[in-house]
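**Student:** Here are the chains, one letter per residue:
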Amino acid sequence: MAHRTLDRLHRQFGDAIVAAHSQHGNETAQVAGSELLAVARLVRDDPGLLYNMAMDATAVDFLNKRPASERFEVIWHLYSRVHKTRLRLKVVVPESCPECDSLTPLWAGFNWHEREAWDLYGVRFIGHPKLQRILMYEEFKGHPLRKDYPVDGRQPLIPMRRVRDVPTQRQPPPELLNRP
Amino acid sequence: MSEHELLQSDVMITRREDAESWLRNTIEKASQQGINWSRKYSLFGYPFVTACCGMEYMSVSGPRYDIAQYGAEFPRFSPRQADLLWIVGTISQKQAPILRRVWQQMCDPKWVIAFGVCASTGGFYDNYCTVQGADMVIPVDVYIPGCPPRPEQVLDGLRMLMDKIQGERGRVMV
Numbered sequence: 000m001a002h003r004t005l006d007r008l009h010r011q012f013g014d015a016i017v018a019a020h021s022q023h024g025n026e027t028a029q030v031a032g033s034e035l036l037a038v039a040r041l042v043r044d045d046p047g048l049l050y051n052m053a054m055d056a057t058a059v060d061f062l063n064k065r066p067a068s069e070r071f072e073v074i075w076h077l078y079s080r081v082h083k084t085r086l087r088l089k090v091v092v093p094e095s096c097p098e099c100d101s102l103t104p105l106w107a108g109f110n111w112h113e114r115e116a117w118d119l120y121g122v123r124f125i126g127h128p129k130l131q132r133i134l135m136y137e138e139f140k141g142h143p144l145r146k147d148y149p150v151d152g153r154q155p156l157i158p159m160r161r162v163r164d165v166p167t168q169r170q171p172p173p174e175l176l177n178r179p
Numbered sequence: 000m001s002e003h004e005l006l007q008s009d010v011m012i013t014r015r016e017d018a019e020s021w022l023r024n025t026i027e028k029a030s031q032q033g034i035n036w037s038r039k040y041s042l043f044g045y046p047f048v049t050a051c052c053g054m055e056y057m058s059v060s061g062p063r064y065d066i067a068q069y070g071a072e073f074p075r076f077s078p079r080q081a082d083l084l085w086i087v088g089t090i091s092q093k094q095a096p097i098l099r100r101v102w103q104q105m106c107d108p109k110w111v112i113a114f115g116v117c118a119s120t121g122g123f124y125d126n127y128c129t130v131q132g133a134d135m136v137i138p139v140d141v142y143i144p145g146c147p148p149r150p151e152q153v154l155d156g157l158r159m160l161m162d163k164i165q166g167e168r169g170r171v172m173v
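As given, the protein sequences belong to chains A and B, one line each in that order.
Be aware that the first sequence starts at 0, since it is given in numbering that gives the first Met the number 0, and climbs by one per residue.
Be aware that the second sequence starts at 0, since it is given in numbering that gives the first Met the number 0, and climbs by one per residue.
Since the hints were made in silico from the structure, they are not lab data.
Keep in mind it's a predicted model, so treat the numbers as computed, not measured.
Among these hints, one or two may not hold up.
Below, a sample of chain B positions facing chain A; criterion: calculated Cβ distance under 10 Å [said to hold, decoys possible]: (1) ILE26; (2) GLN92; (3) GLY122; (4) ASN126; (5) GLY132; (6) ASP134; (7) VAL136.
When the alpha-carbon atoms are kept at most 30 Å apart in a straight line, the in silico DSS-like pairs for lysine-lysine are as follows [unchecked claim]: (8) B:LYS93 to A:LYS146; (9) A:LYS140 to B:LYS93; (10) A:LYS83 to A:LYS64; (11) A:LYS129 to B:LYS93.
Using C-beta positions, here's what the derived DEER-type ranges look like [as the list claims (entries may be wrong)]: (12) A:ARG123 to B:PRO144: 36 to 46 Å; (13) A:ARG7 to B:MET57: 21 to 31 Å; (14) A:ARG123 to B:TYR64: 32 to 42 Å; (15) B:PRO96 to A:ASP45: 46 to 56 Å.
Ideal placement from N, C-alpha and C gives every residue a C-beta, glycine not left out.
Using the sequences and the accompanying hints, generate a full structural model.
**Tutor:** So this is what it looks like as structure tokens:
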């Protein structure tokens, strides 16, 4: 029971399962990008697995923690309503070509999650039906949750007013200010 | 008696212009104060609620804290029928054009209250998507701090706005 999905994936795909672990019955498999769609189709359709519910999809930026060829990681969370088990699929995406296959054609529920990952991390999902920004506006340049994007890099849509600081009404007494 | 002699004499002159302007000033001052008085007790708010401060806004509008005692209980969900804009919650850069447009749709005289620390200064959201205070988009009359503010603070802010309205000059439209 504990490693049923991982055992199956190891048997079927061998080296395409780059890494795997299991914790508290929740299994995680890091998949080679080229085999992602085949793995996803198997875990969705195989009667012993039947991961038929899309829970979440997101990305992680490992800037300065991993080499540029492994900078991003895209993660999909799946749940099997039949077997009551959970599975996490991971794919490593390089900085130079941040692309991976989209799982939206297999689970329609990933549509907005993958759009969010594209919007905030700039990972392109091949095969996504409508890969557009979902949280930020179309005029926004860059991908704000990348670690090299400045945290206060604001891009206003309309000119901001120049606000004058209002002087405080009550000044603290001078002996309070001069206290060492 | 010529006009020059009249001006040199000790007779007190009441010029017609003086008398008229005194009368007009008195009436305008009285009517200004009367209009301000009626305005401050019948504020029609437009709640621009974007975040969690909205819960506190609901609490203020409810019977326990009873914003109706100040005559400001009636929310109008059309900016054209409102004269008080409550900015309740965080304003993101994506929201800023919408907020400005809502404010532009309101008829004069109009007032703005920034409800909570996010609407006042951006709060702790010093990040890529948050406007650092609604006053960077539109002018704000009263800022209510707090995350979220207590209903008592909100009522205090409303009273401050009412005092401001009572002291206003030059917003009478005749």
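**Student:** Each hint should be assessed against the structure and marked as holding or not.
**Tutor:** Each hint tested on the structure:
{"no.": "1", "hint": "ILE26", "in the structure": "violated (34 Å)"}
{"no.": "2", "hint": "GLN92", "in the structure": "holds (6 Å)"}
{"no.": "3", "hint": "GLY122", "in the structure": "violated (14 Å)"}
{"no.": "4", "hint": "ASN126", "in the structure": "holds (6 Å)"}
{"no.": "5", "hint": "GLY132", "in the structure": "holds (7 Å)"}
{"no.": "6", "hint": "ASP134", "in the structure": "holds (5 Å)"}
{"no.": "7", "hint": "VAL136", "in the structure": "holds (7 Å)"}
{"no.": "8", "hint": "B:LYS93 to A:LYS146", "in the structure": "holds (22 Å)"}
{"no.": "9", "hint": "A:LYS140 to B:LYS93", "in the structure": "holds (13 Å)"}
{"no.": "10", "hint": "A:LYS83 to A:LYS64", "in the structure": "violated (35 Å)"}
{"no.": "11", "hint": "A:LYS129 to B:LYS93", "in the structure": "holds (21 Å)"}
{"no.": "12", "hint": "A:ARG123 to B:PRO144: 36 to 46 Å", "in the structure": "holds (43 Å)"}
{"no.": "13", "hint": "A:ARG7 to B:MET57: 21 to 31 Å", "in the structure": "violated (51 Å)"}
{"no.": "14", "hint": "A:ARG123 to B:TYR64: 32 to 42 Å", "in the structure": "violated (51 Å)"}
{"no.": "15", "hint": "B:PRO96 to A:ASP45: 46 to 56 Å", "in the structure": "holds (49 Å)"}
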